[in-house]
Structures are given as C-alpha cells and as structure tokens.
Amino acid sequence: MTILANILIIFFISLGVLFLVVAAIGLFRLPDLYTRAHAASKSATLGVMSILLGVFFHFWLMENHFNPTILLGVLFLFITGPVGGHIMSRSSYIAGVKPWAGTVRDDLKPEIERMKKEQNIK
Amino acid sequence: MTTFIWVAIIIIVLSIVGLVYRLVKGPTPSDRVVALDAIGVALICLVGLFSIIVDTSFFLDIILLLAILSFIGTIAFSKYIEKGDIITRDNSR
Chain A
1 MTILANILII FFISLGVLFL VVAAIGLFRL PDLYTRAHAA SKSATLGVMS
51 ILLGVFFHFW LMENHFNPTI LLGVLFLFIT GPVGGHIMSR SSYIAGVKPW
101 AGTVRDDLKP EIERMKKEQN IK
Chain B
1 MTTFIWVAII IIVLSIVGLV YRLVKGPTPS DRVVALDAIG VALICLVGLF
51 SIIVDTSFFL DIILLLAILS FIGTIAFSKY IEKGDIITRD NSR
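Residue numbers (our numbering), protein chains in the order written: chain A, 1 to 122; chain B, 1 to 93.
In short, the hints are calculated from the structure, not lab data.
One thing to keep in mind: the hints can contain errors.
Using 35 Å as the maximum straight-line C-alpha spacing, the simulated DSBU-like pairs for lysine-lysine come out as follows [said to hold, decoys possible]:
#1 A:98 to B:83
#2 B:79 to A:116
#3 A:98 to B:79
#4 A:117 to B:79
#5 A:116 to B:83
#6 B:79 to B:25
#7 A:98 to B:25
#8 A:42 to A:98
#9 B:25 to A:42
#10 A:42 to B:83
#11 A:98 to A:109
#12 B:25 to B:83
#13 A:42 to A:109
#14 A:42 to A:117
#15 B:25 to A:109
#16 A:42 to B:79
#17 A:98 to A:116
#18 B:83 to A:117
#19 A:117 to A:98
#20 A:116 to A:42
#21 B:25 to A:116
#22 B:79 to A:109
#23 B:83 to A:109
Partial list, derived from the structure: chain B residues whose beta carbon lies under 10 Å from chain A [what the hints assert, rightly or not]:
#24 16
#25 27
#26 37
#27 52
#28 68
#29 75
Listed next, with one range per pair, are the computed distances between beta-carbon atoms [unchecked claim]:
#30 B:76 to A:71: 25 to 35 Å
#31 A:25 to B:57: 29 to 39 Å
#32 B:61 to A:1: 26 to 36 Å
#33 B:57 to A:112: 41 to 51 Å
#34 B:55 to A:119: 49 to 59 Å
Beta carbons are placed, not taken as given, at the ideal position from N, Cα and C, and that holds for glycine.
With the hints as constraints, model all of the structure from the sequences given.
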C-alpha cells in the first residue's frame, strides 16, 4: 500500500515538474508576447495543479492528514490562471504590442477599430 | 523519496532561472508581467515541495495566499497597462 502511494505521489510530482520545465522553455524560446502568454498560462497552471495534487496525496496517505486548503488552492489556480493570461494579453493588445511578423490573420483588429469608432461617435 | 523531492526542487529552481532571463530581457512590460506570474506559480510549487521535506503542514496556507496575491498583481498590472490607472474614477456621480 505504501509502494502504491509512493508511485502515485512520484507520478504526480514528476508530471508537474515536466510541465513547469516546458513552460520555462516556452517563455525562453517563443518569439512573441502572445505565444509566451499561451505557454505560461496553460502549461504552468497544469504543472502547479499536478504538483499540489502530489503534495495533497503525500499528506493524506503518508501522514493521515486530510488538508482541504491544498484542494482549495488547486481550484483557485484552475480558475484564475487562464483568466490572468487572457486579461494580460488582451490589455497588451489594446496598449499596442505588435504580434509576431509571421502571423497570418488577426481577427481582433477590426473589432478593436469598430469599438474605437463607436466610442468616438458617442 | 527525499532525494526525489530534492531533485524536483533543483529542476524547478533551474526553470526559475530561465524565467528570470525573460524577466530581465523581455522587450515589453507585458512580457515581464507574464514572467512574474510564472515565477509566482513556480514559487507555489517550491513551497509545497519544501513542506514535504521539512515534514510540517504549517506552510500549506502560504500556497493559497501566494495564489491570491499573484492573481491580484497580474490583474492590477494589466489594468495599468491598458488604461494608465488602476482604480478608475466614477464620473457618473
């Protein structure tokens, strides 16, 4: 039973470390703010959720201490990580950060121009 | 088990070094805010693994606190980048 619990904990923690390293490599190598925000929000959120699940299973199965604070932290990170990435990239688009030069289509640009025109009329 | 946790901590610290490179070099302020958000997430992981090593559960409240503070910081920085101020004045009164 202890070996099974150890396998579970090691699986979750190594999955989370793998996803965090992937997020760091993505922020290191990707060419553009929007691709970097994509890498950071998705992969880092999944990595931290998986590591916290590993910590939760360690304290629950090894020490018999059920700690709901970690589950609340996992839920909070699951909700707020993608929301933070979305708001950050949207505000930087409005502030005028250019996307990468190889971008094929930009669907947000006519929408932003329409919004600015409506605000000037009003 | 302890050796495995130490190896995980060392790998996460190395990835934090990679994020600090983006924080120093990043061409726009938005890049730096994204890198700070990712550093906060990695710091949450470090707190969890360190509480396994020192074998107490007193540090686990810090996880929720760091998550909330990181989210509030990201929202405040993005409102500042978008509009120029964080708390807007209400003109309708």
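Comparing the hints with the structure gives:
no., hint, verdict
1, A:98 to B:83, "18 Å, holds"
2, B:79 to A:116, "18 Å, holds"
3, A:98 to B:79, "18 Å, holds"
4, A:117 to B:79, "22 Å, holds"
5, A:116 to B:83, "14 Å, holds"
6, B:79 to B:25, "22 Å, holds"
7, A:98 to B:25, "17 Å, holds"
8, A:42 to A:98, "22 Å, holds"
9, B:25 to A:42, "22 Å, holds"
10, A:42 to B:83, "26 Å, holds"
11, A:98 to A:109, "11 Å, holds"
12, B:25 to B:83, "24 Å, holds"
13, A:42 to A:109, "24 Å, holds"
14, A:42 to A:117, "34 Å, holds"
15, B:25 to A:109, "28 Å, holds"
16, A:42 to B:79, "21 Å, holds"
17, A:98 to A:116, "18 Å, holds"
18, B:83 to A:117, "17 Å, holds"
19, A:117 to A:98, "21 Å, holds"
20, A:116 to A:42, "30 Å, holds"
21, B:25 to A:116, "32 Å, holds"
22, B:79 to A:109, "20 Å, holds"
23, B:83 to A:109, "18 Å, holds"
24, 16, "8 Å, holds"
25, 27, "8 Å, holds"
26, 37, "6 Å, holds"
27, 52, "6 Å, holds"
28, 68, "7 Å, holds"
29, 75, "6 Å, holds"
30, B:76 to A:71: 25 to 35 Å, "27 Å, holds"
31, A:25 to B:57: 29 to 39 Å, "32 Å, holds"
32, B:61 to A:1: 26 to 36 Å, "29 Å, holds"
33, B:57 to A:112: 41 to 51 Å, "48 Å, holds"
34, B:55 to A:119: 49 to 59 Å, "58 Å, holds"
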